[in-house]
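Q: Given the coordinates of chain A, assemble chain B onto it according to the supplied hints.
Taken in sequence, the protein lines are chains A and B.
Under our numbering, the first sequence has 202 at position 202, and the numbering climbs by one with no breaks.
Under our numbering, the second sequence has 1127 at position 729, and the numbering climbs by one with no breaks.
It should be emphasised that the hints constitute simulated quantities derived from the structure, not laboratory data.
Careful: at least some of the hints might be erroneous.
DEER-style ranges, computed between Cβ atoms [as the list claims (entries may be wrong)]:
#1 B/D1166 - A/V224: 52 to 58 Å
#2 A/D212 - B/D474: 47 to 53 Å
#3 A/M133 - B/D474: 39 to 45 Å
#4 B/K523 - A/V224: 55 to 61 Å
#5 B/D474 - A/V224: 50 to 56 Å
#6 B/K738 - A/D227: 38 to 44 Å
#7 B/K698 - A/D227: 15 to 21 Å
C-beta atoms are modelled at their ideal positions from N, C-alpha and C, and glycine is treated no differently.
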Amino acid sequence: MTNRAVIVDYARSAFAKASTPKKPGQLSDVDPLDLIVPVINTLVERSGVDVKHVKKVLMGSVHQEAQQGLNIARMAVLHKDCKLDNDITGGTSVDRFCGSSLETIAMADAFLARNPDEVYICAGVQSMSAIPMGGLNPMLNVNVQDGNAAGFMNMGITAENLAEIYGISREDQDGFAVESNQKTAAAQAKGHFKNEIVPINGVDADDGARADSTVEGLGKLRTVFKDVKEGGTVTAANASQVTDGASAVMVTSEAFAEANSLPVKAIILGYGEASLKPEIMGLGPVDASKEALSRAGLKMSDIDVVELNEAFAAQSIAVLKEFEKQGHKIDPAKVNLDGGAIAMGHPLGASGARIVGHLAEVLQRENKRYGLATMCIGGGQGVAMVIENPAAAPKPAV
Amino acid sequence: MSKEIKKVAVIGAGAMGRGIAAQAANAGYEVVLLDLNPDQPQESIDFMLKAKPGPDAGFMDARNAKRIKTGGTLTDMHLIEGADLVIEAIVERVDIKQAAYKEAVKYASPDAIITSNTSTIQIQKLMDGMPDDIKKRFMNTHFFNPPRFMRLLELIDGVDTDPEVYKKMEAIGDQGFGKKVIRCKDTPGFIANRIGGYAIYRAITEGIAQGNKIEDIDAIMGPSFGFTNMGLMKLSDFVGIDIMHHVGLNLKDGLAADDDFHKIYKPQLVEDMVKNEYLGNKKNGGFYRVKKDEDGNVIKDEKGKPVKEALDLQTGQYRDAVKSRYFKKNFRKESKSFAKFFKRGDEAANYSWPVLRDVLVYTLNNAEQMAYDIQSIDEAMQAGYNWKYGPFEMLDQFGVEWFTNKLKEDGVAVPELLAKANNRPFYRVDSGKKQVLDFTGNYVDVKREDGVMKLEDIKRADKPILSNDSASLWDIGDGVVAVEFHTVKGANALDPAVFELLNDSIKLINGSNGKYKAMVLYNEGKHFSVGANIGLVDLFAQVSGKLPFGLGSKKLNNFVDDLIYTGQAVYKALREAPFPVIGAPNGMALGGGCEILMHCDAVQSGPEVYTGLVEAGVGIIPGWGGCARHLERSQGAAKLAGPMQVMANSAMAIAQPMQAISTSGQNAISKLWFSRNSQVSMNSDRVLADAKSRALGMVDGYQPPVEPTYHLPGLSGQGGLNMQVDAFYLYGGDPSKTAVNHVDVGVMTCLGKALSGGDYISAAQIRDHIAGDTSVYEALAASRADGKIAVNASIPLTEGRILQMERDNFLTLFNRESTKARMHYMVQKNKPLREDYPENRPTPNDIRGSIEWVEAKHRTPDGKPLSGADEKRLKEMSKLAQRTMWGLKKLGMV
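One chain only, chain A, in its complex shape (with noise of 0.2 Å):
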């Protein structure tokens, strides 16, 4: 036995439409602590860990001002319905953008390896009605150089960059998001995702899918970032949602997991991180990936499930085919299995936390052995990480 990290549980809210001017989202209402500290709780008693053992909350969150300010991983545990105790749980928020939670989980590994008697909840939370992109005020040293700047700015454009790029059709993206709505719709049939959403105000399902998108019919959505006439192709229906949403998993050592009889989701493998240009952050996944793998000793031909998070289409097809370039390619069959964000939605500090806690979910539910789950970050980056459901690794010969 080692001090490996593991995913003993994982559970989130429903991820719901933010609001509009014109029609406010089913959870747009909820304060950002509201929204994740049910999650936490559900954890804490799902487990039947003891609290003591609980060292800290590590919480991602973008923009980290107004309801997400104030630490408001620490705030999260002082909330009077939180199970975890003040004494002793601490609190460190985290901003990595759209890497923000996934990167908790590296974080909580990096303190297992020294402290394995510990328990930590990585979580991330995200009120994009309550927040807008960007942040209230969207300030900017004028020191940061030209251009990257700008990149900051238009998550769409690095989009648009990429689909130039790789050639990659408006009826390319818009069938990777009609692809993506019917996989989640498939999925929530199935209940697939009952297991992880907790209730909130009676909201218990994903509100972003469109089972009955066509791509005839999003081929007739304005684009939003570039004129079709010079070439845009990207839009609201082939970008990801814009969401409210809360998740976390509760990670411990394999060691604590065994004496504590909890069950081990998932076994963390590798982790790994890179950064590029940010005028086309959305390659970000293939560089992280390969560093994830190498830290695995894995190859892309070992890894049975991806979850790449769906910024865009038009990013996710680029990182597809940026894999087969270099060798590395990825049987589309394996990649989000139940969609991803395009249908789901994207609360930016709470998306990491559920591609990893879903993807060992459907490691579980297909008996499959290696999973890959990775993200593109704006500002060029990107993360990933590899895990292990251990239930499927051949048993060791008595």
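A: This is chain B only, laid out in the frame that chain A set:
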């Protein structure tokens, strides 16, 4: 405002009904809008809310729509409960209308006024067999389409109408709905449609007879005679061919058999158009249409503009439109007088004479039949058909004697009324009073509605207290003075001479020992002010570059620096003067014209006011305190939290003038252009009087505003703004349209500097630029190697700081060739220059790196009128401006 009543019900949600309901909501009434189709009212409200600024945009501000409740006439009549006024605008059938009145009075308040908007049915018919209780409170309220924008409201009282009811309705129409109310006799077409309808059909008949092209007819029957720029035919397309047809039919059916209208009424062409669904601009086109190929695709010329076709009056077929040789001609100016013009014998004279002659003769012959006086007829045509001159004013311009003789020459019988005029003009000025002939041939004073005050009346009777070529100060009674700008007619541009007059006025009031106690800023005419006289600055800029002994660029910079500073100082002195100042605009108030209104204690706005800071269009930023005032209001706006939101809000308003410009007076208050305590007079004729009473109401216990303290984000705020500007620049698309181009990046960079409070505060600036106890900041600056501290939101900045930033960045921009090019283009072409991208598109950093930063002189206005050397300099500049403008006028250049 005397609104008299609280609740208005409108029955019928067609084009007229919905527009009347919207205008009632604009006026602040509680409104009910009903229709036979219960969904129609809400749909029509949504339609008006969605409409782009223009005729269909019935609401002055979107929130007014919330005042309207909707429903169906069969199910929801009870909503009328307690209504004080019921206006019916349903199908033109007596039985249906009568049923509606009977049903409405069941619910409406017992003394509610009941009216019809009919334009075809006489009151007697409508009231036939109706109970006396309804008869005495029934009358006709004839609005024009679109009701928000058309000034005219014809009121017709029947024989049984209670005079008190009429008076009440007159006040509601005037002060509530804001209309020019004209009392008409109960005759077909009333006044405006009778004369207007005659004119258009007469124009067509003559065009057919003489074989004129409609482009020529429009060019001839245009501004020369006071008709709209569009000309008569194009105007018909705008109004709607179906409406025109309706007006004609109504006159044909209603007028007596011997009426002269029948002689010129040849409706075939119009009937065919309506039959073929050519309804004007709203459907398929009318006299003009867009050329399409067989598949219905619009055919475009090489510039990408749709090719237009015009109707041939002879054949009734469409052909390619041509440009008239009479386009933009001023016949009176060309020929020195109309008498000479009509002798020219060319097409313009040969066509216009018989048409105008017959329109005027028809008006003269029927005046007494349709109107209570001559003035009403002229005012009805101005307010209802947008004629600049009424028929009788036109007669005076032609010369009554000349016209009478010409009729005799033509063998046309001289109308009785013309004979009564006996070669005298219909209007005259007698001992400072304007008078008009009555139907018996005697002069009587021109009447004004109770409480309406006209500067033109004051000017006729009195001399200004102060005056120069650009502005005057008038005594408008009760201790209130009015400042009027008259730099360039119609534009009322602002220049140093205006500032000089304002400065002198403040001093005069301060030294008047209480004789004068309040000021109103008011310009009669279409527009308040189009802003700074950039023509003057452009002229200096052009000269300084080309003549070795001209102003020289250094001198020009000093001139501009002083021009901006004196403007700031005078506006600030106006704001902080010890007496109330009320702005009273109508029409456009742009750039510097908006800035001066932003410095008033309150604005008493006209209904249709289009205001905003549009400086960016010519490559500069607001420099006369506009940035300071807008930031102050953004700081005060409750929903804007944090330093960046305040700055970003002001940046959005100034950087996107086309989106930020107000669409009405009410909208100007919503958009922060006018202070929150500002008010709107629904009737533009009442703005001056309302402003005066507003000013007087503020006199007792008046305390001038103190200057605000500003908390702004400094450099990082600029970074935040630049980030967004760069995104628009790099990815926004076509620069000739809305996207930010390379020149805009420079303008926005400077705007960001001004709105963020700038970069650093030097040791020398601390005392003037930081509010309160500055010693701690002085100590901090002293501890720094460069002696400067960076601006951030924690530092309380003075208004002097913002004004300095305005001047620094204005001057920096003014020095750029791109700015001079934009100004020159605007002066020459009267539209903003949109540069194409250069071949090698510079990066945002290249653009920012290429800006040569200029610092204006360090100085801080103190809120007092200028004195000493500053005042001397102002007078020097004023003289220079007046001399130059005088020269330009001599040369016919303005």
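Q: Please name the hints from earlier in the document that this structure breaks, with their numbers sorted from lowest to highest.
A: 1, 2, 5, 6
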